[in-house]
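K.L.:
Sequences and hints are given; from them, build the entire structure.
Heads up, the sequence shown is in our numbering, so the first residue is 941 and it goes up one at a time.
Check the hints yourself; a few may be wrong.
[As the list claims (entries may be wrong)] DSS-like, lysine-lysine: derived pairs with alpha carbons at most 25 Å apart: (1) Lys1188 with Lys1177; (2) Lys1090 with Lys1064; (3) Lys1073 with Lys1144; (4) Lys1091 with Lys1073; (5) Lys1188 with Lys1218; (6) Lys1235 with Lys1203; (7) Lys1067 with Lys1090; (8) Lys1235 with Lys1183; (9) Lys1073 with Lys1090; (10) Lys1169 with Lys1203; (11) Lys1203 with Lys1218; (12) Lys1218 with Lys1235; (13) Lys1144 with Lys1064; (14) Lys1188 with Lys1203; (15) Lys1091 with Lys1064.
[Stated by the list, open to error] Now the in silico label distances, taken between C-beta atoms and shown as ranges: (16) Gly1125 with Glu1193: 26 to 36 Å; (17) Lys1067 with Lys1169: 44 to 54 Å; (18) Tyr973 with Glu1155: 23 to 33 Å; (19) Glu1195 with Ser1094: 47 to 57 Å; (20) Gly976 with Ala1124: 25 to 35 Å; (21) Lys1090 with Leu1063: 18 to 28 Å; (22) Glu1155 with Ile1186: 17 to 27 Å; (23) Ser974 with Asn1212: 32 to 42 Å; (24) Lys1218 with Ser1094: 43 to 53 Å.
It is worth saying that the hints were derived from the structure and are not from the lab.
Please read all numbers here as calculations on a predicted model, not as lab measurements.
Backbone N, C-alpha and C define an ideal beta-carbon position, used for all residues, glycine too.
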Amino acid sequence: MRNYVAVTNGKISTSFIKLTSMSLTISHLNKRYSNGVQALDDLCLTIETGMFGLLGPNGAGKSTLMRTIATLQEPDSGNINLDEIDVLAEPMLLRRTLGYLPQEFGVFPRQSADDLLNYLSILKGVKDRAQRKDLINYVLDLTNLTADRKKHVSSYSGGMRQRFGIAQLLLNNPRLIIVDEPTAGLDPAERNRFLNVLRSIGTKSTVIFSTHIVEDITDLCTDMAIINKGRLVLQGKPSSVSKLLIGKIWICEIEEVELATYKENHVILSSNYTSSNKLQLKVYSNSSPGEGFRKGEGTMEDLYFGALDDRIEIGLEHYSSPVL
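P.N.:
Below is the structure:
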């Protein structure tokens, strides 16, 4: 059963329809830009219904992948299928069921949220005025913007504008929602409000959430993948993939002058100053690195840094592991 919002006779109602789990399949996707950058490199990925986090550093290819799925650009080769839809061959079919929030989006100046949502709902085919009113009331309430509906969207704070972006993409009741780096630049309070909206939506739709902020994935997603240099590095559930680090994280404290030596001899995942101005190192090793080290617990951030380090064997060899 899939929960969805419908507009019937001018009323918003929550209904249930029988749907098989939606599957987005990305096969051998390649994209090289004219400047020589290989943004996507034989990328294969399967995304099922739910909240899916796409994690990677800046320049990993996340935005290229999002724009390609959204049919805003074409790959050099490869295939994308959303259930029965061949996305690259039939982009209009995908767009009818897609909600997309890019990193940045423009709004008309001196236009209120009410006016913009009314205009956008007309473009999305909601012709009945009463239906539009009920639908707009629903999306504004969901995104906590009802009190600010008469304000110009161009005057909104960063977090409010991102929530407005969610409101507008919900107007066509999308099966697939893509949000690209949505929390970048938001203060903690706005970030929390925005993530709460996504959590709510993620219980009813398939949401692909692209970010380079590890904490966003841990807080939000039920499934995730790490990509780097256009390639899939790791995929699994956030609650499970961190188990790949059990017994392999070691901690020690050193003086700052010793850091260069430790970098030569150990795989360091992170280093942080302690209250005594020493450096606490987190080191990846299959066994004790030596005297002065104690066992530590791995975090999602440790896994992320480890997956991006070519010296560490965390990657696709674990893709089919039972732990995932």
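K.L.:
Tell me, in ascending order, the numbers of any earlier hints that this structure violates.
P.N.:
none
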